[in-house]
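All chains, please: the whole structure from these sequences, using the hints.
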Amino acid sequence: MNFKPTWRAVFFVAAWVIVYLALDPATSSLVSLLPLPSGSKLTEAIRFFLYEAPKVLLLLTIVVFVVGIIRSYFSPERTRQILGKRSLFLGNILASMLGIVTPFCSCSAVPLFIGFVETGIPLGVTFSFLIAAPMINEVAVVLLFGLFGWKTALIYVVTGLAIAISSGFVIGRLRVERFVEDWVYAVKSRNLTLDSNPTRDDRVHAGFDAVRDIVSKVWLYVLIGIGVGAGVHGYVPENFLAGIMGKSAWWSVPVSVLIGVPLYSNAAGIIPIVHALLEKGASLGTALAFMMSVIGLSLPETIILRKVLKLPLIFIFVGVVATGITIVGYLFNFIY
Amino acid sequence: MPEKVKVQVLGVGCSRCRALEEKIRSLAAKHQLSVDIERVSDLREIMQYGIMMTPGLVMDGVLKSYGTIPSDDQLLAWIKGGP
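In the order they appear, the protein sequences are chains A and B. Straight run, no breaks: the first sequence in the numbering used here ends on number 367. Straight run, no breaks: the second sequence in the numbering used here ends on number 1380.
Wrong hints could be hidden among the right ones.
Dumping the calculated DSS-like pairs for lysine-lysine here, alpha-carbon to alpha-carbon at most 25 Å [unchecked claim]:
{"hint": "1", "chain 1": "A", "residue 1": "K311", "chain 2": "A", "residue 2": "K182"}
{"hint": "2", "chain 1": "B", "residue 1": "K1301", "chain 2": "B", "residue 2": "K1320"}
{"hint": "3", "chain 1": "B", "residue 1": "K1303", "chain 2": "B", "residue 2": "K1327"}
{"hint": "4", "chain 1": "A", "residue 1": "K219", "chain 2": "B", "residue 2": "K1303"}
{"hint": "5", "chain 1": "B", "residue 1": "K1361", "chain 2": "A", "residue 2": "K219"}
{"hint": "6", "chain 1": "A", "residue 1": "K35", "chain 2": "B", "residue 2": "K1320"}
{"hint": "7", "chain 1": "B", "residue 1": "K1303", "chain 2": "B", "residue 2": "K1361"}
{"hint": "8", "chain 1": "B", "residue 1": "K1301", "chain 2": "B", "residue 2": "K1377"}
{"hint": "9", "chain 1": "A", "residue 1": "K338", "chain 2": "A", "residue 2": "K219"}
{"hint": "10", "chain 1": "B", "residue 1": "K1361", "chain 2": "B", "residue 2": "K1327"}
{"hint": "11", "chain 1": "B", "residue 1": "K1301", "chain 2": "B", "residue 2": "K1327"}
{"hint": "12", "chain 1": "A", "residue 1": "K248", "chain 2": "B", "residue 2": "K1320"}
These aren't lab readings, by the way, just hints derived from the structure by calculation.
Here it is in structure tokens:
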């Protein structure tokens, strides 16, 4: 049978709701059927895994689907148009927020950078976009929501935005135009002639595409991550990390950022590790700082950006963002 | 039999660019269409087309799509010279 995408979407959402509602009773009865001694560490670990894994995967699927549809309303061209006429600070705020909803993958960072600079969008505004786009993404937000609740997810989004806005603003103030590779300014690209006017079916199609693309890429990381979380849950003693990553260790925030910056992982891979860290006594600020530095900055990304940025600007970019992340880390350790 | 189509996949080597190239190759093989596939990874050349998302797809010098991996049907239609 070949249904129209819009109808497929209706079936999909209905099926999703039914599965989600049935999930809790289903896992409960499944766990009670398993021949496991109650209260043992292994039982606890398996129980944790069986509850968390399907829940997080389900949440991930629906959010990626919805975000895929939302993103079909935004395009880099449109974002560029919106940003073109903005003053610096307002431009930074807008760029950071558009970074969340505009379709982006790190391999498109360079074409996007050139495309923005070419139309005269200030460098600082461009950087706000480039910082927010990878750091605040739907996978990170879903996992934070699923594993820690909405408050942590919200904190992450708000602080991520704050870092993108302020880092872009600072970079804009530093007058770093001379550190952009000269050839970038010489690029004269043709105007795009493709006109895209997606129908409702096209947008739904984009949602399903996003699910296929993203969920197929991250599901294994999610399972491994929750598996690690489950293992730590049952076995590693509570407060194991409190000494080195707890609040009292003042150096823990900068050290976490220093370790996190060169590392690269997608959100799906890093969050369960953060989960394990938090559960074993790391403080929220330290864990958040670690997570942001892994997702937001990475060695592969700086190597890609090196094609358009001279070395001093690479260092300025990494330095400013890392400083922002460190400040946020301390702030949260101080508040909580 | 139409003339051999010149296909260019624009991208600096991301997974989606490779996926698109693979897809075109296997489609062409399956339907016994002859295509001439080239990967364009030079940024200056990519930027000539004005795209801000990769992969870009160019057929016989005309930009067909960017930022997405088009469906099999769409790709086939383009290879056969359709809209």
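**Message:** Check whether the Cα positions of B:K1361 and B:K1327 lie no farther apart than 25 Å.
**Reply:** holds, 21 Å
**Prompt:** Has the given pair, B:K1361 with A:K219, been kept, meaning a C-alpha gap of at most 25 Å?
**Reply:** holds, 20 Å
**Item:** Satisfaction of hint between B:K1327 and B:K1303, Cα-Cα up to 25 Å
**Value:** holds, 18 Å
**Prompt:** Is the Cα-Cα distance between B:K1303 and B:K1361 25 Å or less?
**Reply:** Holds, because 12 Å separates the two Cα atoms, which is no more than 25 Å.
**Request:** Quickly compare the C-alpha distance for A:K35 and B:K1320 to 25 Å and report which way the hint goes.
**Result:** Given that 25 Å is the threshold and the Cα spacing comes to 24 Å, the pair holds.
**Request:** Below or equal to 25 Å on CA atoms is what counts here, so check B:K1301 against B:K1320.
**Result:** holds, 17 Å
**Prompt:** Are A:K311 and A:K182 close enough, with their CA atoms no more than 25 Å apart?
**Reply:** holds, 20 Å
**Prompt:** Given the hinted pair A:K248 and B:K1320, is their alpha-carbon gap at most 25 Å?
**Reply:** Roughly 18 Å separates the two Cα atoms, so the pair holds.
**Asked** Holds or violated: are the alpha carbons of A:K338 and A:K219 at most 25 Å from each other?
**Response** holds, 17 Å
**Message:** Hint check: B:K1301 vs B:K1327, CA-CA at most 25 Å. Holds or violated?
**Reply:** holds, 16 Å
**Prompt:** Is the hinted pair A:K219 and B:K1303 satisfied, with a Cα-Cα distance of at most 25 Å?
**Reply:** Distance of about 24 Å is within 25 Å: holds.
**Request:** Decide if the proposed pair is consistent with the structure: B:K1301 and B:K1377, CA atoms, cutoff 25 Å inclusive.
**Result:** holds, 9 Å
Consistency note: the structure conflicts with none of the earlier hints.
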